[in-house]
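Add chain B to chain A, keeping to what the hints say.
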Amino acid sequence: MRIDPVWVVAAVVAAFALLGTTLRSVVYESVELSTAATVFAGIFVQALPFLALGVTLSALLAIVVTPDRLARWLPRRPSAAVLTAAVSGAALPGCECGSVPLARRQFRDGVLGSAALTFMLAAPAINPIVVVSTAVAFPGQPLMVVARVAASLLTAVVMGLAWLRWGRTEWITRRLPPVCAEQGPRWRMFVEAARHDFLVASSYLVIGAAAAAALHVLVPKWVFERLSGQLLLGVLVMAVLAVVLALCSEGDAFVAAGLTMVPLVPRLVFLVVGPAIDIKLFAMQAGMFGRAFAVRFAPATFVVATAMGTIVGLVVLGSGW
Amino acid sequence: MSRESENTLLLLIGLATGMITITGAFTRYVKPALMPWLYVTAAVLIGLALAAMIDDVRRRANHEGHQGHSHANLVTWLLLLPVVVLIFITPPALLPQASVPSVRTVPTEALRRPFAPLPAGRAPEVPIPSVMLRAAQDSAGTLNDRLITVVGFTVHDGDAVGLGRLVVMCCAADAQLAQVHLGGALAAEARRYPEYTWLRAEGIVQPGPANGDSSVIPTLEVAALAEIEPPEDAYA
Numbered sequence: 001m002r003i004d005p006v007w008v009v010a011a012v013v014a015a016f017a018l019l020g021t022t023l024r025s026v027v028y029e030s031v032e033l034s035t036a037a038t039v040f041a042g043i044f045v046q047a048l049p050f051l052a053l054g055v056t057l058s059a060l061l062a063i064v065v066t067p068d069r070l071a072r073w074l075p076r077r078p079s080a081a082v083l084t085a086a087v088s089g090a091a092l093p094g095c096e097c098g099s100v101p102l103a104r105r106q107f108r109d110g111v112l113g114s115a116a117l118t119f120m121l122a123a124p125a126i127n128p129i130v131v132v133s134t135a136v137a138f139p140g141q142p143l144m145v146v147a148r149v150a151a152s153l154l155t156a157v158v159m160g161l162a163w164l165r166w167g168r169t170e171w172i173t174r175r176l177p178p179v180c181a182e183q184g185p186r187w188r189m190f191v192e193a194a195r196h197d198f199l200v201a202s203s204y205l206v207i208g209a210a211a212a213a214a215l216h217v218l219v220p221k222w223v224f225e226r227l228s229g230q231l232l233l234g235v236l237v238m239a240v241l242a243v244v245l246a247l248c249s250e251g252d253a254f255v256a257a258g259l260t261m262v263p264l265v266p267r268l269v270f271l272v273v274g275p276a277i278d279i280k281l282f283a284m285q286a287g288m289f290g291r292a293f294a295v296r297f298a299p300a301t302f303v304v305a306t307a308m309g310t311i312v313g314l315v316v317l318g319s320g321w
Numbered sequence: 001m002s003r004e005s006e007n008t009l010l011l012l013i014g015l016a017t018g019m020i021t022i023t024g025a026f027t028r029y030v031k032p033a034l035m036p037w038l039y040v041t042a043a044v045l046i047g048l049a050l051a052a053m054i055d056d057v058r059r060r061a062n063h064e065g066h067q068g069h070s071h072a073n074l075v076t077w078l079l080l081l082p083v084v085v086l087i088f089i090t091p092p093a094l095l096p097q098a099s100v101p102s103v104r105t106v107p108t109e110a111l112r113r114p115f116a117p118l119p120a121g122r123a124p125e126v127p128i129p130s131v132m133l134r135a136a137q138d139s140a141g142t143l144n145d146r147l148i149t150v151v152g153f154t155v156h157d158g159d160a161v162g163l164g165r166l167v168v169m170c171c172a173a174d175a176q177l178a179q180v181h182l183g184g185a186l187a188a189e190a191r192r193y194p195e196y197t198w199l200r201a202e203g204i205v206q207p208g209p210a211n212g213d214s215s216v217i218p219t220l221e222v223a224a225l226a227e228i229e230p231p232e233d234a235y236a
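Each protein sequence line maps, in turn, to chains A and B.
According to this note's numbering, the first sequence is numbered sequentially starting from 1.
According to this note's numbering, the second sequence is numbered sequentially starting from 1.
Excised from the complex, chain A in its bound form (with noise of 0.2 Å):
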């Protein structure tokens, strides 16, 4: 006879219930436990609000917007239509997680291809709550701004003509149930899209917070206090922490700018990398994209992301460092 998994779930959500004051005492009573399970519970539900809005206007951008329809939109020439898609980055406010399923929706082979990743890496370093914060995290220097603002569109350009000069649709290994085949009414397209996209990105953004928490107890913190006057290895540690701490966009530069012991130059690069590639972005991007496609997209993304940050910055914010 075959067991109905509903029931596998209701059982092991039991066997949780009763074991529940138990598992409480023991996190409680570890000060790395309980500090590792407080940040997965902020990365998780920080992202929440974020990924649903994403799914929720992926899946109405699905029905609504179709392959031709975005051609027709997008200007003809490659270059133009991949800078298109990085300004109108600009136009979705929040964090990185939503960003994600949106631009898995609108993925085609060529040129609509590296606008939709364009995009990815764009909205959620330059929308408007991500500029204000910073601002406001670094007064008096608008430069700082300045300089986010412009590493971070240079990187999803790149990253955009990059792929699609190099990129290969095959490693695209994930296929997403496509929405036209589904018969029947546009709310049952809307409910399956979505239902679809917040399942499978949420379940990665699982791993990726559970291995944010877990380093953020493991990095110490002298980390952060041997880097003053070191330009390239503050910028190398910059960029790698941006990776482990896995912050969201919009609270990043608080951190950044709390952390007065490390250049300006390297935590300019912290701020241009973690909103393009960090350790929870990975596993969205296997879990939407497949394992073939984040192995190549992510390091590329994190190298053009640290070079851009890092000459932006030199230029900008130049002898400030």
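In case anyone wonders, no lab produced these hints; they're calculated from the structure.
Everything numeric in this text was worked out from a predicted model, so none of it was measured.
Glycine is no exception: its CB is placed at the ideal position from the N, C-alpha and C atoms.
Just to be clear, a hint being listed does not mean it is correct.
Claimed, not checked - Quick list of the computed label-pair ranges, beta carbon to beta carbon: (1) A:V217 with B:I228: 21 to 31 Å; (2) B:G158 with A:A11: 51 to 61 Å; (3) A:L236 with B:L81: 28 to 38 Å; (4) B:A61 with A:A71: 34 to 44 Å; (5) B:D56 with A:P139: 52 to 62 Å; (6) B:A226 with A:A11: 31 to 41 Å; (7) A:V219 with B:A61: 48 to 58 Å; (8) A:L143 with B:P231: 36 to 46 Å; (9) A:A80 with B:A160: 57 to 67 Å; (10) B:D157 with A:P139: 55 to 65 Å; (11) A:L236 with B:I228: 38 to 48 Å; (12) B:A33 with A:G20: 26 to 36 Å; (13) A:V6 with B:H156: 47 to 57 Å.
Using the frame of chain A, we list chain B on its own:
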């Protein structure tokens, strides 16, 4: 994983989100300002799950071929983790040891400017991050010779003892520690409390350099001290 269990998990995530929002536990993880969005999120997720469930039941009743074979994979089971963490464990607010970089919070590159006057009253309560900002950057001197009330937990910082508050900008992952040191005769009494005891202190902030450098921790000359219950919203 079957469609039914996927929908159940979706429903559980929605319920967990709604639950921590109603009980107020969510303020341990994210900014209180996120509350309306968490309600919207819970409603969207529960709505999606119920719509898919009802649709499945109806389609089965009508003997429409069951379209809904699962597209997701085993990873979806991981969604049990946040359900367990949020509903059954509900981890506590962060302890001060957890903050990312230690000690200070506010950016030093700020400009000196006149701050708005403190609220009226004998000893208005001023949040610790605001005390640090005013001490470093206030050209109007609103803290000078003014009795204020500060609420925070004890932090033993070398020989000094201070009151601290964790500051959360976006979620618990970016928490940072803001603190004032305690000075005067009553500071010795404060040092006798174990670390992470919540206290309310009345006192006057000693005039500092006010040179815009907020990495200097201001000191409060304590006039009165009392132990209190931990506040509902742990973060400043």
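For the range 36 to 46 Å, tell me whether the beta carbons of L143 (chain A) and P231 (chain B) fit it or not.
-> 38 Å, holds
Starting from the hint 52 to 62 Å, judge whether the C-beta atoms of D56 (chain B) and P139 (chain A) obey it.
-> With a Cβ separation near 54 Å, D56 (chain B) and P139 (chain A) satisfy 52 to 62 Å, so the hint holds.
CB-CB spacing for H156 (chain B) and V6 (chain A) relative to the 47 to 57 Å hint | 52 Å, holds
That 26 to 36 Å hint for A33 (chain B) and G20 (chain A) (C-beta), does it hold up?
-> 29 Å, holds
Given the hint of 34 to 44 Å, check if A61 (chain B) and A71 (chain A) actually sit that far apart at their C-beta atoms.
-> 41 Å, holds
Taking the beta carbons of L236 (chain A) and I228 (chain B), is their distance inside 38 to 48 Å?
-> 45 Å, holds
With 31 to 41 Å as the target window, see if A226 (chain B) and A11 (chain A) comply at their CB atoms.
-> Since the Cβ atoms of A226 (chain B) and A11 (chain A) sit about 49 Å apart, the hinted range of 31 to 41 Å is violated.
Range hint compliance [Cβ, D157 (chain B) to P139 (chain A), 55 to 65 Å] | 26 Å, violated
Could you see if the CB distance from V217 (chain A) to I228 (chain B) stays within 21 to 31 Å?
-> Given range 21 to 31 Å: holds, Cβ gap about 29 Å.
Supplied distance hint 57 to 67 Å, evaluated on CB atoms of A80 (chain A) and A160 (chain B) | Once the Cβ atoms are compared, 60 Å apart, the range 57 to 67 Å for A160 (chain B) and A80 (chain A) holds.
Does the Cβ distance between G158 (chain B) and A11 (chain A) fall inside 51 to 61 Å?
-> The hint (51 to 61 Å, Cβ to Cβ) holds, given that G158 (chain B) and A11 (chain A) are roughly 52 Å apart.
When you take the CB atoms of L236 (chain A) and L81 (chain B), is the distance between them in 28 to 38 Å?
-> 32 Å, holds
Consistency with the previously given hints fails for numbers 6, 10, ordered from lowest to highest.
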